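**Student:** Given only the sequences and the hints, what does the whole structure look like? Please build it.
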Amino acid sequence: MIPESSAAAARTAVLARIRQGLAQPAPQPPRPDFGAPVHPPLPADLAVAFAESFVRVGGVFFYCASEAHFIAQLSAYLKEQQIGRLFAWEAALQRVLYTGHVTFVADETEFLPHADASLTTCEALVARTGSLLVAPATASGRRLSVYPDQHLVLARTGQVVAEIGDALRGLQARYGASLPSMTSLTTGPSRTADIEKTLVLGAHGPRRLVLFLLDDAPDVGAPDAAA
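Residue 1 is where the sequence shown starts when you use full-length UniProt numbering, and the numbers rise one by one after that.
The reader is advised that the hints may include incorrect statements.
What follows is a list of derived Cβ distance ranges for each label pair [unchecked claim]:
(1) PRO29 <-> GLU108: 21 to 29 Å
(2) ARG11 <-> GLY35: 23 to 31 Å
(3) THR103 <-> GLY165: 38 to 46 Å
Cross-link-like lysine to any residue pairs, in silico, SDA-like; alpha carbons within 20 Å at most [unchecked claim]:
(4) LYS79 <-> GLN94
(5) LYS79 <-> GLY100
(6) LYS79 <-> HIS114
What the hints contain is simulated information worked out from the structure, not anything from laboratory work.
In this text, all values refer to a predicted model and were calculated from it rather than measured experimentally.
Glycine included, each C-beta is placed from N, C-alpha and C at the ideal position.
**Tutor:** Structural data, given as C-alpha coordinates:
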(Lines of atoms letter the chains of each structure in order from A and count residues from 1; the text may use other names and numbers.)
(Lines give C-alpha, C1' and ligand atoms only; values in the text may rest on other atoms or scores of the structure.)
Protein backbone atom coordinates (compact mmCIF):
# COMPACT_ATOMS: atom_id res chain seq x y z
CA MET A 1 0.00 0.00 0.00
CA ILE A 2 1.41 3.39 -1.00
CA PRO A 3 1.79 5.74 1.93
CA GLU A 4 -0.59 8.70 1.86
CA SER A 5 2.30 11.17 1.85
CA SER A 6 3.84 9.53 -1.22
CA ALA A 7 0.49 9.56 -3.07
CA ALA A 8 -0.01 13.23 -2.24
CA ALA A 9 3.48 14.05 -3.49
CA ALA A 10 2.81 12.20 -6.75
CA ARG A 11 -0.46 14.07 -7.28
CA THR A 12 1.28 17.36 -6.56
CA ALA A 13 4.00 16.56 -9.13
CA VAL A 14 1.43 15.58 -11.78
CA LEU A 15 -0.63 18.72 -11.21
CA ALA A 16 2.53 20.85 -11.39
CA ARG A 17 3.39 19.38 -14.77
CA ILE A 18 -0.16 20.00 -16.02
CA ARG A 19 -0.06 23.63 -14.87
CA GLN A 20 3.31 24.06 -16.52
CA GLY A 21 2.02 22.59 -19.77
CA LEU A 22 -1.07 24.81 -19.78
CA ALA A 23 1.08 27.88 -19.18
CA GLN A 24 2.96 27.20 -22.44
CA PRO A 25 0.68 27.23 -25.50
CA ALA A 26 0.98 24.24 -27.80
CA PRO A 27 3.05 24.89 -30.94
CA GLN A 28 0.86 25.62 -33.96
CA PRO A 29 1.42 23.92 -37.32
CA PRO A 30 2.91 26.12 -40.04
CA ARG A 31 0.37 28.18 -41.95
CA PRO A 32 -0.15 26.65 -45.40
CA ASP A 33 0.65 28.69 -48.48
CA PHE A 34 -2.71 28.68 -50.23
CA GLY A 35 -1.16 30.32 -53.27
CA ALA A 36 1.32 27.51 -53.84
CA PRO A 37 0.49 24.81 -56.42
CA VAL A 38 -0.99 21.59 -55.05
CA HIS A 39 1.05 19.33 -57.31
CA PRO A 40 4.75 19.42 -58.14
CA PRO A 41 5.63 20.94 -61.52
CA LEU A 42 5.50 18.70 -64.57
CA PRO A 43 8.47 18.13 -66.87
CA ALA A 44 8.82 20.49 -69.82
CA ASP A 45 8.01 17.67 -72.25
CA LEU A 46 4.32 17.04 -71.53
CA ALA A 47 4.16 14.15 -73.99
CA VAL A 48 6.74 12.24 -71.96
CA ALA A 49 4.94 13.09 -68.72
CA PHE A 50 1.66 11.86 -70.20
CA ALA A 51 3.21 8.60 -71.42
CA GLU A 52 4.64 7.88 -67.97
CA SER A 53 1.32 8.61 -66.25
CA PHE A 54 -0.66 6.64 -68.83
CA VAL A 55 1.48 3.51 -68.45
CA ARG A 56 1.42 3.86 -64.66
CA VAL A 57 -2.40 3.57 -64.62
CA GLY A 58 -2.36 0.46 -66.82
CA GLY A 59 -2.54 1.84 -70.36
CA VAL A 60 -0.64 0.38 -73.32
CA PHE A 61 1.37 3.10 -75.06
CA PHE A 62 2.84 3.33 -78.56
CA TYR A 63 4.75 6.33 -79.90
CA CYS A 64 4.38 6.81 -83.64
CA ALA A 65 6.89 8.95 -85.51
CA SER A 66 4.76 9.03 -88.65
CA GLU A 67 1.53 7.80 -90.14
CA ALA A 68 3.33 4.84 -91.72
CA HIS A 69 4.85 4.01 -88.33
CA PHE A 70 1.37 4.09 -86.80
CA ILE A 71 0.04 1.66 -89.42
CA ALA A 72 2.96 -0.71 -88.85
CA GLN A 73 2.52 -0.72 -85.07
CA LEU A 74 -1.26 -1.02 -85.29
CA SER A 75 -1.05 -3.95 -87.70
CA ALA A 76 1.46 -5.72 -85.48
CA TYR A 77 -0.71 -5.15 -82.43
CA LEU A 78 -3.87 -6.45 -84.11
CA LYS A 79 -2.00 -9.57 -85.20
CA GLU A 80 -0.45 -10.12 -81.77
CA GLN A 81 -3.81 -9.76 -80.01
CA GLN A 82 -5.61 -11.81 -82.66
CA ILE A 83 -8.25 -9.11 -83.07
CA GLY A 84 -10.71 -10.22 -85.70
CA ARG A 85 -12.81 -7.08 -86.05
CA LEU A 86 -11.63 -3.51 -85.61
CA PHE A 87 -14.50 -1.02 -85.61
CA ALA A 88 -13.69 2.50 -86.83
CA TRP A 89 -16.51 4.92 -87.54
CA GLU A 90 -14.73 8.26 -87.92
CA ALA A 91 -14.05 9.35 -91.50
CA ALA A 92 -10.54 10.66 -90.78
CA LEU A 93 -9.51 7.39 -89.16
CA GLN A 94 -11.09 5.34 -91.93
CA ARG A 95 -9.00 7.20 -94.53
CA VAL A 96 -5.80 6.43 -92.62
CA LEU A 97 -6.70 2.74 -92.22
CA TYR A 98 -7.76 2.41 -95.84
CA THR A 99 -4.52 3.98 -97.06
CA GLY A 100 -2.54 1.66 -94.80
CA HIS A 101 -4.49 -1.42 -95.96
CA VAL A 102 -5.76 -2.19 -92.46
CA THR A 103 -9.05 -4.08 -92.45
CA PHE A 104 -11.79 -2.44 -90.39
CA VAL A 105 -15.57 -2.40 -89.96
CA ALA A 106 -16.98 0.97 -90.97
CA ASP A 107 -20.53 0.42 -89.73
CA GLU A 108 -22.43 -1.47 -87.03
CA THR A 109 -22.33 -4.83 -88.78
CA GLU A 110 -22.10 -7.49 -86.04
CA PHE A 111 -21.02 -4.82 -83.56
CA LEU A 112 -22.82 -6.23 -80.54
CA PRO A 113 -21.72 -9.89 -80.83
CA HIS A 114 -18.21 -9.16 -82.17
CA ALA A 115 -16.97 -5.90 -80.67
CA ASP A 116 -13.38 -7.09 -80.38
CA ALA A 117 -11.77 -3.66 -80.59
CA SER A 118 -12.49 -0.08 -81.58
CA LEU A 119 -10.33 2.74 -82.86
CA THR A 120 -11.35 6.30 -81.99
CA THR A 121 -9.88 9.73 -81.49
CA CYS A 122 -10.14 11.76 -78.28
CA GLU A 123 -10.42 15.41 -77.29
CA ALA A 124 -7.29 15.77 -75.14
CA LEU A 125 -4.62 13.92 -73.20
CA VAL A 126 -3.94 14.96 -69.59
CA ALA A 127 -0.27 14.66 -68.61
CA ARG A 128 -0.87 14.91 -64.86
CA THR A 129 -3.14 11.86 -64.59
CA GLY A 130 -2.56 9.98 -67.84
CA SER A 131 -6.25 10.45 -68.68
CA LEU A 132 -8.03 10.73 -72.01
CA LEU A 133 -10.82 13.27 -72.40
CA VAL A 134 -13.46 11.56 -74.52
CA ALA A 135 -16.66 13.08 -75.90
CA PRO A 136 -19.34 11.61 -78.20
CA ALA A 137 -19.13 14.53 -80.63
CA THR A 138 -17.66 12.32 -83.35
CA ALA A 139 -18.95 9.50 -85.51
CA SER A 140 -17.63 7.11 -82.86
CA GLY A 141 -20.40 8.27 -80.52
CA ARG A 142 -20.51 6.88 -77.00
CA ARG A 143 -20.41 3.16 -77.65
CA LEU A 144 -17.03 2.73 -79.33
CA SER A 145 -15.16 3.97 -76.26
CA VAL A 146 -17.15 1.84 -73.82
CA TYR A 147 -18.51 -1.39 -75.31
CA PRO A 148 -15.59 -3.15 -77.14
CA ASP A 149 -13.18 -5.39 -75.27
CA GLN A 150 -10.24 -3.21 -76.32
CA HIS A 151 -10.34 0.54 -76.91
CA LEU A 152 -7.62 1.79 -79.24
CA VAL A 153 -7.07 5.54 -79.55
CA LEU A 154 -5.13 7.58 -82.09
CA ALA A 155 -4.06 10.96 -80.72
CA ARG A 156 -1.49 13.64 -81.53
CA THR A 157 1.27 15.11 -79.40
CA GLY A 158 -0.38 18.52 -79.84
CA GLN A 159 -3.37 17.27 -77.87
CA VAL A 160 -1.38 16.80 -74.65
CA VAL A 161 -2.19 19.33 -71.92
CA ALA A 162 -0.86 19.62 -68.38
CA GLU A 163 -3.97 19.46 -66.19
CA ILE A 164 -7.61 18.37 -66.31
CA GLY A 165 -8.68 22.02 -66.17
CA ASP A 166 -6.68 22.74 -69.32
CA ALA A 167 -8.45 19.91 -71.12
CA LEU A 168 -11.89 21.16 -70.07
CA ARG A 169 -11.08 24.76 -71.06
CA GLY A 170 -9.91 23.49 -74.44
CA LEU A 171 -13.16 21.60 -74.86
CA GLN A 172 -15.18 24.70 -74.04
CA ALA A 173 -13.12 26.85 -76.42
CA ARG A 174 -13.67 24.35 -79.19
CA TYR A 175 -17.41 23.80 -78.85
CA GLY A 176 -18.56 27.00 -77.16
CA ALA A 177 -22.23 26.85 -76.25
CA SER A 178 -22.63 23.57 -78.18
CA LEU A 179 -20.81 21.35 -75.73
CA PRO A 180 -21.11 17.59 -76.33
CA SER A 181 -23.90 15.86 -74.46
CA MET A 182 -21.40 13.90 -72.40
CA THR A 183 -17.70 14.02 -71.62
CA SER A 184 -15.66 11.50 -69.68
CA LEU A 185 -12.13 11.18 -68.38
CA THR A 186 -10.79 7.71 -69.07
CA THR A 187 -7.87 6.80 -66.83
CA GLY A 188 -6.57 3.36 -67.69
CA PRO A 189 -8.65 0.27 -68.46
CA SER A 190 -11.95 -0.34 -66.71
CA ARG A 191 -11.40 -2.05 -63.36
CA THR A 192 -13.07 -2.87 -60.07
CA ALA A 193 -12.14 -4.61 -56.81
CA ASP A 194 -15.58 -4.43 -55.21
CA ILE A 195 -15.90 -8.21 -54.79
CA GLU A 196 -13.54 -9.62 -52.16
CA LYS A 197 -10.92 -6.99 -53.07
CA THR A 198 -10.02 -8.95 -56.21
CA LEU A 199 -9.04 -6.69 -59.10
CA VAL A 200 -11.06 -7.41 -62.24
CA LEU A 201 -10.36 -5.68 -65.55
CA GLY A 202 -13.12 -4.88 -68.03
CA ALA A 203 -15.86 -4.67 -65.43
CA HIS A 204 -17.56 -1.51 -66.67
CA GLY A 205 -15.85 -0.91 -70.01
CA PRO A 206 -12.88 -2.00 -72.12
CA ARG A 207 -10.47 -4.50 -70.59
CA ARG A 208 -7.53 -2.82 -72.31
CA LEU A 209 -6.86 0.81 -73.26
CA VAL A 210 -4.26 1.35 -75.99
CA LEU A 211 -2.95 4.72 -77.15
CA PHE A 212 -1.06 5.42 -80.35
CA LEU A 213 0.51 8.87 -79.97
CA LEU A 214 1.29 10.29 -83.39
CA ASP A 215 3.88 13.02 -83.65
CA ASP A 216 1.91 16.03 -84.85
CA ALA A 217 0.12 15.44 -88.14
CA PRO A 218 -2.59 18.12 -88.30
CA ASP A 219 -4.80 16.30 -90.80
CA VAL A 220 -4.93 12.97 -88.93
CA GLY A 221 -7.22 12.06 -86.09
CA ALA A 222 -9.15 15.33 -86.01
CA PRO A 223 -12.67 14.62 -84.72
CA ASP A 224 -15.55 15.03 -87.12
CA ALA A 225 -18.11 17.77 -86.83
CA ALA A 226 -20.13 17.74 -83.63
CA ALA A 227 -23.16 15.49 -83.70
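**Student:** Next step is simple, just say for each hint if it's right about the structure.
**Tutor:** Tested hints:
no. : hint                          : verdict
1   : PRO29 <-> GLU108: 21 to 29 Å  : violated, 59 Å
2   : ARG11 <-> GLY35: 23 to 31 Å   : violated, 50 Å
3   : THR103 <-> GLY165: 38 to 46 Å : holds, 40 Å
4   : LYS79 <-> GLN94               : holds, 19 Å
5   : LYS79 <-> GLY100              : holds, 15 Å
6   : LYS79 <-> HIS114              : holds, 17 Å
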